[in-house]
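*Asks:* Chain by chain, the residues:
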Amino acid sequence: MASIIAVKKLDKHFKVRKFHRGRFSGFQNFFTREHHLVRAVDGVNFEIQSGELIGYLGPNGAGKSTTLKMLTGLLVPTGGEINVDGFVPSKQRKEYVSRIGAVFGQRSTLWWDLPVFESFELLRHIYKIPEKLFKKNLDEFRELLELDTFINTPVRSLSLGQRMRADICAALLHDPKILFLDEPTIGLDVVAKERIRQFIQHINQDRGTTVILTTHDLSDVEKLCNRILIIDEGKLLYDGQLEQLRQKFGGKRQLVVDFFENYPEATIEGAEIVEINGARITFEFERDSIAASDLIGRLSSKYRIRDLEVKEPEIEETIRRIYEQQLLK
Amino acid sequence: MQNSIKLLNKYISVNLRSQLQYRLTFVFEVFGTILLTLTEFAALALVLLKFENIGGWTVGEVAFLYGTINASFGIMDMFFSGFDPRNFGRHVRMGTFDQLLLRPINITLQVLGLEFQFRRIGRIMIGVGILIYSVQTTSILWTGEKAIVLFFAIIGQIAYFGGLFIFGATITFWTIESIEVVNILTYGGSDLIAYPMNIYPELLRKFFTFILPAIFLNYYPALFILGRPDPFNFPPYAHWLSPFAGMLILFFSLRFWRFGITKYQSTGT
Amino acid sequence: MRLFIEIAMRAFRLQMSYRAAAIAGLLTNFFFGILRAVVLIALYDGREEMLGLSLQAAITYTAITQAVIGYLSAFSWYDVANTVYSGEIGSDLLKPINFYSYWMARDFGRAMAALLTRGLPIMVAYEIFIDISFPNFLLNWGLLILTVLLSWVVSFSWRFIVNLPSFWIPNAFGIGRFFFMAALFFSGFLMPLRFFPDWVVKLAYLTPFPHTVNTVVEIYLGVLSPVEIWLAFAWQVGWIVALILVGQWILKLGLRRLVILGG
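Residue numbers (this note's numbering), protein chains in the order written: chain C, 1 to 329; chain B, 1001 to 1269; chain A, 2001 to 2263.
FYI, nobody ran anything at the bench for these hints, they're computed from the structure.
Treat each hint with caution, since some may be false.
Said to hold, decoys possible - Residues from chain C shown here face chain B by an in silico Cβ test under 8 Å; the list is partial: (1) 74; (2) 93; (3) 109; (4) 126.
Glycine is no exception: its CB is placed at the ideal position from the N, C-alpha and C atoms.
I would like the entire structure built from these sequences, with the hints used as guidance.
*Replies:* What follows is the structure, encoded as structure tokens:
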């Protein structure tokens, strides 16, 4: 199957002004001007198949937004190639953008003082969406995103969650093949997040829309994405399944055992005790050195076990470790 | 083209509706604009009570220049407010401009549609008011030709200053801090041609004749309509040149605007 | 006092860091200054002196007005109102310092930086390109410095007041505009007050505005008699006392309202 997005050796460099600090900084900044080069995106390669749902991760300033801006044609790369659905995004702007949808987290595409519905109407004219398609899409999205309670309210009076739902709806009215979402759940409460996640999943599965989302919230990624890309300091560090990442860098797994009686010295080869709480003992063990089943076997041959649980490390923890310890470099 | 006009109409009605939601602010702003222009003109008119004339022009005659440029600058400001460098720079920084780039229609049209400041009606009203005052005090002998010259003068002024707004908006792709300099061309330019051009030092006047052809926008049409002699001996059709001067500036500004967008897409902000 | 200086220094540094804006402002102020000088030259029409001002004095007048635009924030200043609307005022109120002096210090720092980066260069540019007059005695320089400082206090104290409606209404800028407009006219910024008919001058002196620009201009140009000079200072101080008292009183009402409504 041909890929819908192909990115080759993508570079984006910026010049950034230096500011002085300290005692005479006011005068210094007034009279001098120095720049240094920032490689916001540095030699990134990836391909995305039609219908995939991709999570694009990285700490602040890693190059996520810059990549997304290049993919949507807002920025022209310094070097390398992008091909999206047969287009070079920064060229043939009008033709290209009518095939994609984009939501940039904090900013609304909607008209501030207009009721939501009238913004949609205006978008119908802008994208020249056929009347029938517009009605069909809007009816569907209204129900799924529960827009009806505020569809006649001016955008300025919406809550953040409502606004985000309206914005996502607006980005999809023209049936785009690809949807770019930049931090779609930022600042939302749990319920609102869940609703948006379900909707994204629906769009991806039901319509086969390719979705690329950047996020800080790893539960988004855990629930939605089968494949993730991790970028840091402009370089692509990881491209693959979430599960593999966990296995590779997940660190120690934990085995929590409830015994029938207290075994204060229940030592076992291949695992370390990290916590003893009455009859409950928590062990930690390396994923590579021993299988959980072996460990359980050894334990149950020596002690009486009531219940046990194998705990995978939290994904947030894993990714934080990757950033902090720079494990992928 | 037809679709563009339809969209532009939509944009205008959207803007009108949102602005009328804040009725009190709207009235305040209109009233404020009227007073500001009136105050500036009053300062000159009051001083002329003691000084009698400026560059050989009476209060009523200067009022003709003053009224015309304020009316057309008001019209321009209303339709080109999307390009007003002060607002446009903000849109670029806030990412609104990115949103426009993500829509499949002409970008210039969208920036025009971004804002129509209907409260500029105040400046148009006071401009027309001062113009009427001028007509009453100078007893101009109107002919059809003079009316057409005035109409063309206004068209030229709108195009010229609209062009300069687009030029200024383009500058904000590079810098927003020094955008005030563009005020020299826009507000400075409109102030400049509110006075008879013969008062300026030669260098300044030549700059606004041969580099930026502002002298044809207001001064020559006024000379013709007021029936005053031309001190600079330009060809007798000079009073017709306003629309050409305006279109010239608009044309080059639009070229620069396209170049600016390309640059913006290669460096961001 | 130490705190006042610390806050003022911060504001000063912040203002100094806007280099491009300062240069742009300088060019703009200078251009408009030239324009205004040309208009005055045309009005003089070859006459050496009009209404007690020589032509050179009139040109110098335009230089001074352009030089104090930044210093006195002559066109607009809504810093306080903006913090009310943004909610930033909440954290300012938590600071263990009088809110009024806090803003006075901030504006003092800003004003000084503006005087340095926009005021002085304008005067120098005028001197280079057009030739203006300067006060000729050391005493006059001293008087000038004093009145320049006082004019800032007068200006700050009325600007502070027109920011205060923001505690009550959602768009205080509309009201503010009228005051800034009135200030431009009655302070003698648009034209020297003495060029206006008597009734306009009398009207102007019912407001605090002439005690900013016009007083600075007249003391700079040395057109006042010693008695008039002391009177001018007395007026400045009088208005300062009155405006600061009124400002603090309205501020108290506003803060009370803010506390009741919970910001």
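*Asks:* Would you mind marking each hint as holding or not holding in the structure?
*Replies:* Hints versus structure:
Taking 8 Å as the C-beta contact cut-off toward chain B, the hint placing residue 74 (chain C) at the interface holds, the least distance being around 5 Å. At its closest, the beta carbon of residue 93 (chain C) sits 7 Å from a beta carbon of chain B; the interface hint therefore holds under the 8 Å criterion. Hint on residue 109 (chain C) holds. Least Cβ distance to chain B is approximately 5 Å, under the 8 Å limit. Restraint check, residue 126 (chain C) versus chain B: the minimum CB separation of about 5 Å is within 8 Å; hint holds.
Every hint, counting from the list given before, is met by this structure.
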